[in-house]
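Asker: Construct the entire structure; sequences and hints are all you get.
If you read the protein sequences in the order shown, they are chains A and B. Residue numbers for the first sequence follow the working numbering, so the first one is 127 and each next one is one higher. Residue numbers for the second sequence follow the working numbering, so the first one is 127 and each next one is one higher.
Check each hint, because a few of them may be wrong.
The list makes no distinction among identical chains, and a pair is therefore deemed to hold if it is satisfied within one copy or across any two copies.
Said to hold, decoys possible - List of simulated lysine to any residue pairs, SDA-like, C-alpha gap at most 20 Å:
1) K534 with K549
2) K549 with G372
3) K234 with Y345
4) K234 with Q260
5) K549 with E450
6) K548 with H453
7) K294 with D476
8) K549 with L362
9) K549 with A396
10) K343 with R276
11) K534 with G177
12) K549 with E196
13) K549 with P179
Honestly, the hints are just simulated from the structure, not real lab data. Quick caveat, the model's predicted, so the values are computed rather than measured.
Single-letter residue listing:
Protein chains: 2
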Amino acid sequence: MKAILFIGDGMADRPVAALGNRTPLEAARKPNMDEIARRGISGEMYTIAPGVPPGSDTAHLALLGYDPYEVYTGRGPFEAAGAGIDMRPGDIALRANYATVDDALVVKDRRAGRIQGTKPLTDAVGQIKLSGAQFIFRSTASHRAALVLRGTGLSYEVTDSDPHEIGKKVLQVKPLLRPSEDMELARAILAGGVRKYLGRRRGANKTTKLLNEFSRKSYEILKNHPLNRERVMKGLLPANYLLLRGVGIAPHLKPLREKFGITGACVAAAALVRGVCRMAGMTVIDVPGATGSVDTDLNAKREAVLQALKTNDLVVLHVKGFDEMSHDGNAPAKVQFIERVDAMLSSLIDAADFIALAIDHTTPVSVREHTGDPVPVAIAGPGVRADEVSVYSERAAAEGGLGRILGKELLPILVDLMGRSKKFGA
Amino acid sequence: MKAILFIGDGMADRPVAALGNRTPLEAARKPNMDEIARRGISGEMYTIAPGVPPGSDTAHLALLGYDPYEVYTGRGPFEAAGAGIDMRPGDIALRANYATVDDALVVKDRRAGRIQGTKPLTDAVGQIKLSGAQFIFRSTASHRAALVLRGTGLSYEVTDSDPHEIGKKVLQVKPLLRPSEDMELARAILAGGVRKYLGRRRGANKTTKLLNEFSRKSYEILKNHPLNRERVMKGLLPANYLLLRGVGIAPHLKPLREKFGITGACVAAAALVRGVCRMAGMTVIDVPGATGSVDTDLNAKREAVLQALKTNDLVVLHVKGFDEMSHDGNAPAKVQFIERVDAMLSSLIDAADFIALAIDHTTPVSVREHTGDPVPVAIAGPGVRADEVSVYSERAAAEGGLGRILGKELLPILVDLMGRSKKFGA
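Answerer: This is how it looks when you write it as structure tokens:
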């Protein structure tokens, strides 16, 4: 049996005064989502844990059945995977921003004037070779890029070079491990042994040295690059420095195939979501016109889902625009987008045996950031113990038969309904 | 944004025949608590875990967001902190009872006739000095006192000297570690290494020796103390022995400031609750007239809350009398006290952005002890997804939008609503 898992990024909300104390989901006319709730079983879900605002990466790890507290060390690896780098467990990855610095290495613009078309710069930086690790460097969108270090004895326990502020000098990368200052670490040393600690410390020192050397060399390359000279002549900010941050180590995610015995595909524009799905061993589908914004081509995404269902057990359809409207604080636009997406869902309701509605996190238009409130989920399909809930919304779902679940529990429940779960015990 | 967290100690109950099979909360007229439920979101909470009766210390640890199974080793450290001793992580603390023993060290009265005014005795015992650790000894109320050992290489894995029964001889303190009899320990040894075990064993031996020496010396001092000679002449029981129990090690509780980024104050009379709050880094406010009983000055406590709100993000208001009425098995008095406290709440409902109602544990008047039933919670304030529940009671709360939560989840949820939570991931 097959299933579609729809993920409405930031679609859940809190009651909005301007909507008559309803949430956008409660205010929107969305017959298809409600039909799924009516046919199926609803519940409320803490993607990570009660009161904990999920990030996009941790939320999607949980929605694919992984425990984010076990596998997550930082955003870098997921950004890199989203950029199409084929990450291997143990790879160290960082996010890199093309930025503008002056001769004293003071940051003038953290995004180099939101530069577009960095490929020539990225190709030049990509030539950097240092002994001790392989460097993989790739642009994503606008000023963003991803840097991966592959080799032995590396560590993610190092600091950012990004000062995260304009007017500050770029930072030297440093090892994070300073036992005298860190109670938690002292305890880890006592628990795990000094030898293990020394190994971690060595890895952090090696990685620090490599990253600082990379920063120096890339600055040499970038400040003299013809494209930057041209930008300066045109009065544009040169992209002459790479600010590094979000370092993490690529976890070994047991692929969905192994973990649940299912094949999976993912229709998503957001790089981070694509990255998580790729690392989970899913096929990540490119859809022309999918933008990760409210102007995305919903019909093209729907067609991609229908196509992917032919060869996959599970197809994840991720739609991002809700979150954008919440970050803008625009409740009416969020309601409108919910209604547009709902219309698109009409031809997906019966396209697979199961259809599940989920949300990665609440993003209230009143807060404009992710919050830790639970989100509604609904699953419809054969054998589901349908409940009395007939509306897909935050408050209606709290009455549902699923009760309260955690994000990492959703996919096991769906896989079990699909008849693909494995018995524990005999 | 600011919040008041009201904790009604033992306020939850089971249906009482004499109240028409209603619980005291269901039977009481309490318009203010009901108004909070009506405005807000309700749920039922297992403070520790389903079916586990919480102690006062573990319950309040959970209500402040700590996992009691991680941080709790015994009641001693919280009693000591409640007695105003500034506990440091690693301190070993015990509860001490002034008791009466005969010349053969057989316990005649575990409370020395509920002696009052032990200060002269405590001052004398406080002079005891033993090499190997610093001793801090302080009286609390009536026959109660707290003993703290501060030093290196100490352990909480030792037995009580209190035989917990009249007519029995006082016990020698012994190391708890007897590998041949203890499967759990055997496993710990295998996991942690023999060396670690030997360290624990050494600590237990050292602590045992110190406590037995303290017991011997304090007995010498007490049996010859003028105050006791005077008591005997008056026909009163002498307080000539200190029964030790409830040994525990002071955990490192990450202060609320660090854990949640909020400042907190606590208005409570009960020593144990004050101790937990103090160890969580909260300001513990002294309120003249607050007794921890039904005769407490509720108006004075209310004023203290209003005052504390000026300089704190979170103010905990703990009221104890409900529990006392339950231990007495007095349902009508419990109903009456609920009504009195409810009246006091009228001026607190709108005093902060948020008001939350919680209970540390159920204490049924029929059982007269803490039980493991869940307790009702309600949170009102801006952005809350208000539900249909309009009564604050055990059974009404089970229908609420919060569903079922654990005690340690309540504060993260409240802090998230206050806009102070931190995102996990990016």
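Asker: All hints, please: hold or fail.
Answerer: Consistency of the hints with the structure:
1. With identical chains, the CA atoms of K534 and K549 are at most 20 Å apart both within one copy (18 Å) and between copies (17 Å).
2. For a Cα distance limit of 20 Å, the shortest separation of K549 from G372 across copies, 14 Å, qualifies, whereas the shortest one inside one copy, 38 Å, does not.
3. Taking CA atoms no more than 20 Å apart as the test, K234 paired with Y345 passes inside one copy only; the shortest distance there is 15 Å, against 74 Å between copies.
4. With identical chains, the CA atoms of K234 and Q260 are never at most 20 Å apart, being 30 Å at best within one copy and 57 Å at best between copies.
5. In the homo-oligomer, the alpha carbons of K549 and E450 lie at most 20 Å apart only across protomers (17 Å), although the nearest pairing inside one protomer, at 41 Å, exceeds that limit.
6. For a Cα distance limit of 20 Å, the shortest separation of K548 from H453 across copies, 17 Å, qualifies, whereas the shortest one inside one copy, 41 Å, does not.
7. Proximity of K294 to D476 under the C-alpha cut-off of 20 Å is found in neither arrangement, the shortest distances being 55 Å within a copy and 44 Å between copies.
8. In this assembly of identical chains, the alpha carbons of K549 and L362 never lie at most 20 Å apart, being 62 Å within a copy and 35 Å across copies at closest.
9. In this assembly of identical chains, the alpha carbons of K549 and A396 lie at most 20 Å apart only when taken from different copies (19 Å versus 35 Å within one copy).
10. Taking CA atoms no more than 20 Å apart as the test, K343 paired with R276 passes inside one copy only; the shortest distance there is 18 Å, against 54 Å between copies.
11. Taking CA atoms no more than 20 Å apart as the test, K534 paired with G177 passes in both settings, with 16 Å inside one copy and 11 Å between copies.
12. In this assembly of identical chains, the alpha carbons of K549 and E196 lie at most 20 Å apart only when taken from different copies (16 Å versus 23 Å within one copy).
13. Taking the shortest alpha-carbon separations for K549 and P179, only the inter-copy value of 5 Å comes in at or below 20 Å, while the best intra-copy value is 33 Å.
In terms of the numbered hints stated before, the structure departs from hints 4, 7 and 8, listed from lowest to highest.
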